[in-house]
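Protein sequences appear in the order of chains A and B.
In case it helps, the working numbering puts the first sequence at residues -10 to 177.
In case it helps, the working numbering puts the second sequence at residues 15 to 329.
Check the hints yourself; a few may be wrong.
[Said to hold, decoys possible] Simulated pairs of lysine-lysine, DSS-like, Cα-Cα distance not exceeding 27 Å:
#: 1; chain 1: B; residue 1: Lys226; chain 2: A; residue 2: Lys169
#: 2; chain 1: B; residue 1: Lys190; chain 2: A; residue 2: Lys169
#: 3; chain 1: A; residue 1: Lys169; chain 2: B; residue 2: Lys222
Since the hints were derived computationally from the structure, they do not count as laboratory data.
In this text the structure is predicted, and so the values were computed from the model without any measurement.
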Amino acid sequence: MVLRLGHHFHQDMKAQCISHCLLGMTLILYSVHTHSLRRCLISVDMRLIEKSFHEIKRALQNKDTFQNVTILSTLQSLKTIKPIDVCCVTKNLLTFYKDRVFKDHQELSPQILRNISNIANSFLYMQRALQQCGQRWCQCSQEAINATRIVHDNYNQLEVRSAALKSLGELDIFLAWIDKNHQETSAT
Amino acid sequence: MLSQRQNENKESKHLALAQSASLFTFIPDGVVVLPAPQNLSIQSANMKHLLTWSPVIMPGETVFYSVEYQGEYESLYTSHIWIPSSWCSPTKGPECDVTDDITATVPYNLRVRATLGSQTSAWSTLEHPFNRNSTVLTPPRMEVTKDGLHLVIELEDLGPHFEFLVVYWREEPGAKEHVKVMTGGLPVHLETMEPGAMYCVKAEALVKAIGKHSAFNQAECVEVQGESLPLVLALFAFVGFMLILVVVPFSFWKMGQLLRYSCCPTVVLPDTLKIPSSSQKLIACRKEEMDACDVAVLSSEQFFQAWISQKSPVE
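Excised from the complex, chain B in its bound form (with noise of 0.2 Å):
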């Protein structure tokens, strides 16, 4: 395997070699040696590197690449020595993620080639090594929820490099603030909220690997709702309003129905109580009963006797 790497060394270094010259060169059987690729850069967020290129365009054929690195070390002390990438020896998009091969905080040199069938290119070499300490940190992601009483917050998980500084505090004046470490992905139980009251979090992002943080995101806030008195005063003050709208008219009729009995009763005579309005009118019909009839004065006790004894047969 020592003896290929130093053949594909020295291969690689007569065709850079044949490439100094243009950067299509022609060997005499008219065969085209593959370019290399050109306009290499690396774009890193997040502690994630991306490396890119131009492709390298073959009409009708897929072209292949290789990515190889070298940390700091290897290349002050050995070199010669580049190791092949994690995840693109080989790949075929025109780019790599070199996450996983970019482990320490030292510059890396990176170098692309590609490959097409028994072909290889020249290696293209990143021109200025990458650091991962110039990293670009955005203010992380938060879920900032409320589970009952709880202050809950979740942030993004952004690998193992990160962790987070939490400030929350409560919004009132003079409020301290309190600031707790984590790490994202999970949710994680800040406080317990006392209920009337508006809480506030904001986060940053920490990567000890690089001494650097990310700038704060905008401050999210809860507020929790003073306790079930108001609904229970609701309820309470709706069902006494029914209550009213039902009871109280009902006992005004019954108060009025009393009145009406105790002040001012209507009282009707029965027809065998009623008496007529003249004495001669009474006498008058007992005309046609009696042969002779005695036009008399009588007093009225011996009207109401006599009276009496008419009607007695009667009945």
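Excised from the complex, chain A in its bound form (with noise of 0.2 Å):
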């Protein structure tokens, strides 16, 4: 009676153990994962890919017709984009522009076409860094196949021409989300 009761206490001990070593590696990989995350795209000047934005900013906004529709809301939302699903959100949404958005956008302007075409190229080489660095991390889970499904129904809703100007003159949200999410504070 003693000796099974022994082993039982044995089998409990051991349990407790393995959960907690379990629980202590999940916390491990965690901060890891959001870690690295935020050295992924720490070789990408965001400050010249602001720059270049806002220097056609105002062209941009100015010919948004649609005021009150936002299509970036999930980046705006009181419910925020869980760090795990940083990554899978970012490669979405850049995707999300350089399919539809850029290509959707007819620019006759070659001020303006000159800085779209940097921040296009530069969400390229962000795409690549995103991809060779977070590889193993970069699981999409429901939530953020959801929160990319949103943008592109909001897309979705509007006419193509003033969707595509929309979403462009939104670039600020998304390079400010990108900002806080992904480069390391460091002072300047």
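Two chains, two frames, a set of hints: combine them into the complex.
Here's what the structure looks like:
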């Protein structure tokens, strides 16, 4: 009887130990995950991309006729994107801009074209950097997929040209969000 | 504007076709088509990119060139779109600084064509797309100065992409190396030095946008003199020496004088106190005044009294 009790006690201890170890491991992995992501886009100079956008912001936002609609609503909502979803959402939104927004936007002015080219090519570079860096960690959860889908749905509700123009005008929201989630804080 | 661009594209396609036969194509009325610029190449150092080509020589005419570029995004998604270069549409020289055009770390296609009046040549495209991560980073130039006890460094301004990693240490065995990251163009205070020690500094350039860094430059060292103590000492020593040079001989001379007076004084007897050598002589000189003169041997007392009494009327 005593032996059997002792055996159960041993098993309990083992189970506790294992669960503690697992918890510890997940915590470590979680922190490493978020930390490594923060370094993924460290080589991207967001200031220059923001500067490019700033030069054309007024021209784009003035042409926007649908002031009450926001396409990147998920980035502005109170329910913030979880750190574990940041990589997937960033990748998806970069693809969104690359495959839909820049292509759908017809630009005639060379000055604006130049700035958009800078942003588009920088996004291409950022996608590659994320792919190389976060391959193991960039798994898409259902929440991340939902967040991206909302953006696409918002885009589809408007006429293509207007949607593209509005999305371009909302680049400052996207760039600020990337800044917040990906860059290490550095004193400048 | 879009239609104009489409027309230009059609035009350039036709020209390219015509040119594929031979370099100089003659249209029936004998007008020579402008040749496309040849030998396009790009040199890049410290994130400054220069596109060069062989000039198109047309005797007596000034040929202008237009440069256009296309990022990887454009070449993949909108291949018909080429963007005119910021500074070289048009340009005169057979070169173009495309630094402000190459703004992302992706491969860029570049093309040039010549224009002369209304004539335009075919487009000449750079053989291999250019990625700015192939730029050569040189060890940075720096100026290390000391402002009193402050170690100050100023690095050259290479533009917004550059940061510098500065390593400095005190030149003594077992000294720790300090590291600082900074931008160029402005003097930066590194450390307050201790006098009597030598400090050395070296730096390398960092470009985060391409994830590359240059080699370290040649280390420069500065030394701080010990405090002003030796200077003050030297001053005091000099003053003291001058004092000694003046005071010592003077005191010797004074001492000498004192000694002379106290030990070996020279006494000079006045004439009136001088006594002649023999008494005969004294008496002999009195002979002229007196008729009778008894020659007598007087004692010294008597002699002296006689002498005094003789002397007094003279006085």
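These are the hints, each one checked on the structure:
{"no.": "1", "hint": "Lys226/B / Lys169/A", "verdict": "holds, 25 Å"}
{"no.": "2", "hint": "Lys190/B / Lys169/A", "verdict": "violated, 36 Å"}
{"no.": "3", "hint": "Lys169/A / Lys222/B", "verdict": "holds, 19 Å"}
Against the hints set out earlier in the document, a violation occurs for number 2 only.
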